[in-house]
Amino acid sequence: MTASLRDAEVTAASGRARLDKVVRDAQPSVSWGIVRRAIRTGKVRVDDAVVREPGQMVAEGQRIVVAMAAPREPKLSLSDDVVVFLDRHLVVVRKPPGIASVPDDKWKRNALSQLLAEKLRRGRTGKRQIPLGVVQRLDVDSTGLIVFTRSPEAHEPLKTQFKKRQVARSYLAIVSGEAEDTTYRSYLREHKNGKRSSTKHRHLGKYAVTHVEVVERLMGATLVRCRLETGRTHQIRIHLSEAGHPLLGDARYARRAVKTPPAPRVMLHAGEIGFMHPIEEQKLHFTDPMPSDMEAVLARLCRS
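Just so we're aligned, residue 1 is where the sequence shown starts under my numbering, counting upward by one.
I should point out that these hints are in silico values taken from the structure, not numbers from a laboratory.
Be careful, since some hints might not be right.
What the hints assert, rightly or not - Keeping only pairs whose Cα atoms sit at most 20 Å apart, straight-line, the calculated PhoX-like set for lysine-lysine is:
{"hint": "1", "residue 1": "K195", "residue 2": "K206"}
{"hint": "2", "residue 1": "K206", "residue 2": "K192"}
{"hint": "3", "residue 1": "K159", "residue 2": "K259"}
{"hint": "4", "residue 1": "K283", "residue 2": "K164"}
{"hint": "5", "residue 1": "K164", "residue 2": "K21"}
{"hint": "6", "residue 1": "K163", "residue 2": "K192"}
{"hint": "7", "residue 1": "K283", "residue 2": "K163"}
{"hint": "8", "residue 1": "K206", "residue 2": "K159"}
{"hint": "9", "residue 1": "K192", "residue 2": "K164"}
{"hint": "10", "residue 1": "K43", "residue 2": "K21"}
{"hint": "11", "residue 1": "K259", "residue 2": "K21"}
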């Protein structure tokens, strides 16, 4: 008979370990599947924050609470300064960490596009609101600039700019080790377990190009700027991890043999985006400074 996961409170022991391992070690009779399902459905909190990634690394002293009867996650709201640019065709916003860009099987509510649409609807009683058009996505843990379309006539032209690689995008990332200025080119494929990796066989994957520039050397890490020619899922994380420089906080792609300084989430920030307005035909360019949690990790690792 399969054991059920019980409500519990655990304090992470010495060192760093995956969240699912810490929870299961406390209740070893429970299957890995049950543990991971509980995490993905919001039943596990780390230091009072819901964590939905079973592979999230936890550090010594962090408090982990399992609450199987946890109520439905309350509706979130976006801060007033989230909108960077707004007209009747487009909206550019700053994505906070810890939420999906768009709804999916794991995120049926509280996705960025849903929260943003609700925010824009306020005060528009009686006016028809066109659903936001999705032309790009950022990972759940990533922060930074993302654009949605607000009109049907803007959607396809902007989508075409992304497809033709005409959108300028750069990301700041804190990676493990001594990274170098370089360009990574590979074909990325998706495996049955949902993870992605490079392959030499072009017919098995999609072409991906990431340009990496060193910004600052840190203690055991490097702050880099990544410029994208393509926008494949997890592209930056895969390229840097396969080169031996996983992003700090990236439990999904970090290899066990690589020691990485601790971080509260994946240290990746979409700090710049530029494109042609699909209707007004004027160049738009936006930048967004590094968020406070990433600044704190950077300050801790700065060389004196």
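Worksheet item: Looking at the structure, which of the earlier hints fail to hold?
Response: 3, 5, 6 and 9
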